[in-house]
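Visitor: In case you want the letters, here they are:
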Amino acid sequence: MTAVEAPVQEAVADDWAAPSLSDAEYRWRARRYRFRTVRRAAGFLSPYLLIWSVFLAIPAVWGVFLSFNQGGLIKGDERVFVGFDNWTRAVGDSELRTAVKNTSIYVVIAIAVVFTLAIFLASLLNHYKKGSNFFKVALYFPLLAPPILGALMWFFMVNFDFGILNLLKRSVFGGDGVAFLGDNPHALLTIVAVEVWRGLGFWVLFYLAGLQSVPEELQAAARIDGAGKWRRFRRITVPTLRPLLLFALVIAVIFNFQLFDSVKVLTDGGPRLGTATVVWFIHKRLFAFQDTGLAYAASIGLLIVVLILTGLSFWALGKRRQREA
Amino acid sequence: MAEVILRQLSKHFGSVEAVEDVTLRIPDGEFLVLLGPSGCGKSTILRLIAGLEDATAGEILIDDELINFKDPTKRNVAMVFQNYALYPHMTVYKNVAFPLETARMPKEEIAEAVQRAAEMLEIEALLKRLPEQLSGGQRQRVALARAIVRQPLVFLMDEPLSNLDAQLRLQTRLELMGLHERLGITTIYVTHDQVEAMTMGQRIAVMKDGRIQQMGDPTEVYDVPANTFVATFLGAPPMNLIGGALHRDNGTTAFRCEGYELAVEPAVHGISPESLDGAIGDAQLGVRPEHLTLASPDAEGLPGVVRFLEPVGSDLFVSVDVAGHAVQVRMPPDTQVSTGASVRLEFDPARSHLFDADSQNLRG
Amino acid sequence: MTTDVPETDVTVTAAPEESSDAVAMAERLAEAGRARRASDRTRKIIAYVILTLFVVIAIGPAFYLISPAFRDSVSLFTYPPEWIPSEPTLENYRFLFSSTSYVRWAVNTLIFAGSTTLLTLATNTMAGYAFARLRFPGRNVLFFVILATLMVPVAAVLAPTYLTVNTIGDWPIIGNWIDIDTYLGLILPSAVSPLGVFMMRQFIETLPDGLYEAARLDGASEWRIFTKIVLPLIKPALVVLGIFVFMLTWASYLWPLVAATDNEFRVLTVGIASLKGQFVTDWGILAAASLLTIVPVTIVFLFFQKWFVQASMAGALKQ
Numbered sequence: 001m002t003a004v005e006a007p008v009q010e011a012v013a014d015d016w017a018a019p020s021l022s023d024a025e026y027r028w029r030a031r032r033y034r035f036r037t038v039r040r041a042a043g044f045l046s047p048y049l050l051i052w053s054v055f056l057a058i059p060a061v062w063g064v065f066l067s068f069n070q071g072g073l074i075k076g077d078e079r080v081f082v083g084f085d086n087w088t089r090a091v092g093d094s095e096l097r098t099a100v101k102n103t104s105i106y107v108v109i110a111i112a113v114v115f116t117l118a119i120f121l122a123s124l125l126n127h128y129k130k131g132s133n134f135f136k137v138a139l140y141f142p143l144l145a146p147p148i149l150g151a152l153m154w155f156f157m158v159n160f161d162f163g164i165l166n167l168l169k170r171s172v173f174g175g176d177g178v179a180f181l182g183d184n185p186h187a188l189l190t191i192v193a194v195e196v197w198r199g200l201g202f203w204v205l206f207y208l209a210g211l212q213s214v215p216e217e218l219q220a221a222a223r224i225d226g227a228g229k230w231r232r233f234r235r236i237t238v239p240t241l242r243p244l245l246l247f248a249l250v251i252a253v254i255f256n257f258q259l260f261d262s263v264k265v266l267t268d269g270g271p272r273l274g275t276a277t278v279v280w281f282i283h284k285r286l287f288a289f290q291d292t293g294l295a296y297a298a299s300i301g302l303l304i305v306v307l308i309l310t311g312l313s314f315w316a317l318g319k320r321r322q323r324e325a
Numbered sequence: 001m002a003e004v005i006l007r008q009l010s011k012h013f014g015s016v017e018a019v020e021d022v023t024l025r026i027p028d029g030e031f032l033v034l035l036g037p038s039g040c041g042k043s044t045i046l047r048l049i050a051g052l053e054d055a056t057a058g059e060i061l062i063d064d065e066l067i068n069f070k071d072p073t074k075r076n077v078a079m080v081f082q083n084y085a086l087y088p089h090m091t092v093y094k095n096v097a098f099p100l101e102t103a104r105m106p107k108e109e110i111a112e113a114v115q116r117a118a119e120m121l122e123i124e125a126l127l128k129r130l131p132e133q134l135s136g137g138q139r140q141r142v143a144l145a146r147a148i149v150r151q152p153l154v155f156l157m158d159e160p161l162s163n164l165d166a167q168l169r170l171q172t173r174l175e176l177m178g179l180h181e182r183l184g185i186t187t188i189y190v191t192h193d194q195v196e197a198m199t200m201g202q203r204i205a206v207m208k209d210g211r212i213q214q215m216g217d218p219t220e221v222y223d224v225p226a227n228t229f230v231a232t233f234l235g236a237p238p239m240n241l242i243g244g245a246l247h248r249d250n251g252t253t254a255f256r257c258e259g260y261e262l263a264v265e266p267a268v269h270g271i272s273p274e275s276l277d278g279a280i281g282d283a284q285l286g287v288r289p290e291h292l293t294l295a296s297p298d299a300e301g302l303p304g305v306v307r308f309l310e311p312v313g314s315d316l317f318v319s320v321d322v323a324g325h326a327v328q329v330r331m332p333p334d335t336q337v338s339t340g341a342s343v344r345l346e347f348d349p350a351r352s353h354l355f356d357a358d359s360q361n362l363r364g
Numbered sequence: 001m002t003t004d005v006p007e008t009d010v011t012v013t014a015a016p017e018e019s020s021d022a023v024a025m026a027e028r029l030a031e032a033g034r035a036r037r038a039s040d041r042t043r044k045i046i047a048y049v050i051l052t053l054f055v056v057i058a059i060g061p062a063f064y065l066i067s068p069a070f071r072d073s074v075s076l077f078t079y080p081p082e083w084i085p086s087e088p089t090l091e092n093y094r095f096l097f098s099s100t101s102y103v104r105w106a107v108n109t110l111i112f113a114g115s116t117t118l119l120t121l122a123t124n125t126m127a128g129y130a131f132a133r134l135r136f137p138g139r140n141v142l143f144f145v146i147l148a149t150l151m152v153p154v155a156a157v158l159a160p161t162y163l164t165v166n167t168i169g170d171w172p173i174i175g176n177w178i179d180i181d182t183y184l185g186l187i188l189p190s191a192v193s194p195l196g197v198f199m200m201r202q203f204i205e206t207l208p209d210g211l212y213e214a215a216r217l218d219g220a221s222e223w224r225i226f227t228k229i230v231l232p233l234i235k236p237a238l239v240v241l242g243i244f245v246f247m248l249t250w251a252s253y254l255w256p257l258v259a260a261t262d263n264e265f266r267v268l269t270v271g272i273a274s275l276k277g278q279f280v281t282d283w284g285i286l287a288a289a290s291l292l293t294i295v296p297v298t299i300v301f302l303f304f305q306k307w308f309v310q311a312s313m314a315g316a317l318k319q
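Residue numbers (my numbering), protein chains in the order written: chain A, 1 to 325; chain B, 1 to 364; chain C, 1 to 319.
Calculated from the structure, these hints are not laboratory results. Take the hints with a grain of salt, since some may be wrong.
Derived DSSO-like pairs: lysine-lysine, alpha-carbon spacing no greater than 27 Å straight-line [unchecked claim]:
{"hint": "1", "chain 1": "C", "residue 1": "235", "chain 2": "B", "residue 2": "128"}
{"hint": "2", "chain 1": "A", "residue 1": "284", "chain 2": "C", "residue 2": "276"}
{"hint": "3", "chain 1": "A", "residue 1": "284", "chain 2": "A", "residue 2": "136"}
If you want the ones that stay clear, here's a sample from chain C, every Cβ over 10 Å from chain B, calculated [claimed, not checked]:
{"hint": "4", "residue": "26"}
{"hint": "5", "residue": "38"}
{"hint": "6", "residue": "49"}
{"hint": "7", "residue": "75"}
{"hint": "8", "residue": "304"}
The structure presented is a predicted model; accordingly, all values stated were derived computationally and were not measured. No residue lacks a Cβ here, since even glycine has one placed at the ideal position from N, Cα and C.
Using the sequences plus the hints, can you model the full thing?
Guide: And the structure:
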């Protein structure tokens, strides 16, 4: 008895088992059949791909080309190919240097402050659960307003004459008010404060989510082992947050490196470039100063930095996933 | 209603041969069961027929039409999934009506068809419910109703009973058979449960490693298993296999194992002399538990020692150690036997099987 | 307080090993327990004081707008400060509605953010479906390339995007619709982020395969499966993505600043920022406009806070 057999009970012509298509025709028809999924995928992808390529992908590539050109942004202004001139000038440009320096200072201080406060508040909320929902919602509030409006609220708070900070300062310490936005380094620090205020709620929720992923049993076990609060924090909380921290750090750098809105509305880069940032520089050169070449190059510099950081964030996330698995 | 033909059908996933060179013909109206352990490729065959997977090679025909390169939406086959795959956001009515709405049938006709299907499966009272409000058995019925409502050419069922409890499974089995009798739709039923296969299938195709091992009606497959795999896969407990060798001395052939010798008569064993000639060497003797009887130690038969007794009410299963092999014997429940007793196992040579070194049955 | 009780218990049970004089030890422990409970209470009070302080800081600035919004700007500068205006007035609002284009900006913002959200939801869900469900050559490469642009800053492509929109604006017919100072010119470059594609792909992948296969065998086309099976099942994800995109879009500033310079197309963020003059600011009007803009969002937020929080996390964690 062979392994495969035609049913015994009926006499059937043998040729029913013979293939009807030649190999070549079979392969051709199989390929054509498989291609139908490509057609369908194209249908579903094309709306997004069209918008994405015309308004993001192609501009990004075009931007690289632009960085070797000067001008051409406004009608009537001819674009000129200048080779590496923009790039060499960008390295030496004092305004751009100031902008990069300010942005870096801002990023370091803002992230250090906001992360410290956020982890601290998240630990508090994780420990004192009563009413934590109210605190979460209240802390989240600044994120509702567009950055522009958040900055404008602080414009009132730090006003020289009637801002509450100066009123407090004058009534407590006496003397004159502080020119929060009119002096250096106050202006940059004020910007830091505004952005910390705005971002704090997000990071509190972020770290709270991370803290709550620490299994309760682990905490309880540590408590029974007699581990003190600080020890528990260092031995359990910190290791749990560490992979999260790297990812958070990278995306925080990406976001904060693009500081623009509050600078534009509060100080417009001043006083004396004290709050000039990279994106402010790019915008100003493109739409006011008209040394567009430098802005083209700075844009691509920003793009490269962000792409590298994006890669890093994926890597950090992958590591976190691995750990969880 | 239609005839289904598979020609040298293969499906490879990378280097894994899920289905390999399967050729079979399912006449119009037949209830065919694909039986095999998990991973044997039986579900893949269903998915190939449905068009959910593309064949690597080979042809699939429904009513003489090649459907390999026809989109699953146009093949007009219906499938009942293991987990039923009901649309969770639609009511039972909407679920059953979905294929008809897809076909743009007029509303009144849809209502009629759904009503008919619902009556047939006794789910009229559930039409307004959502799937999450149904029990497993009810979901099963809705899935069946959705499958029959548009009168498909072929019914594909992928282990539809495996998520039901034992009692419901028995009941649904009978209902499925009744449904098939009433509708007469060609049905391909996949299962790993040999009882389902034996009771439901007009024919059974036993599969292993992507290949069909044997095909035939249930009694044929049970009585004359093509190889040791089929022999042990069907039947509970499975056929006993005792390793040994076929010897030829002075023109007579005998199967020998430790402490036992069985003379092999081609006529009695149903083996052609030629195939017996070619099988001299290692071999296995196969006897089903119900064909063995316990006899006293001085009788003829396989010598062994009783190890365990398993009374199951209707029968008494006796586990006998035969030269290191655990051999199962089915005896009447009132049999008097105790563990540790030396016994002989008698059997009718005509009901025994001999498998050659390649595990193929010499009978046939 | 309740959470700390086990700690005290544990100390009590662990202690007897250390001392032979059990009674004295127990007394000392009880003493320590009381002290500890007292210090726990202090700690708790301090914690809630700190949390409250941060809440005041978080929502205080918005309240600080109320008084200036309802008074004459000049009266702001009196010292000592007059917290509650002696002559409350709606003059600032009258001016805002009659002499600025506040209403126009608000309408534009709704058009801008609303269309961007709908467009993003539509395109991203379709693309997410393709990446999640359809097999086609080059799928993974294409997905990776798209994903790589996830974080591309607006500023980094500001010039070429501006040039692109400007160039399309010069083309016949289509240039009437897509140009600098058109709605589409504002909307389309704001609807490019692949975050939604990614989110939707993840979400659609979690739906059981059986549903698609059943629908396919039921004769449903890909589009029918998408609209009748997938869309109803991913509603929660659509809401989350929708809120996220809307919030991000209406708050955006840089692209609207350069793409909608004409007052006819200006949005709220740009409009309100323009109320803050370069040298002289009418504080009353600025406060009135800011307050008026925040209040509706806050009300909506208070009703749907769970969704909002989920949406903001979606941006960071759902990756």
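Visitor: Out of the numbered hints, which ones does the structure contradict?
Guide: As far as the earlier hints go, only 3 is violated by this structure.
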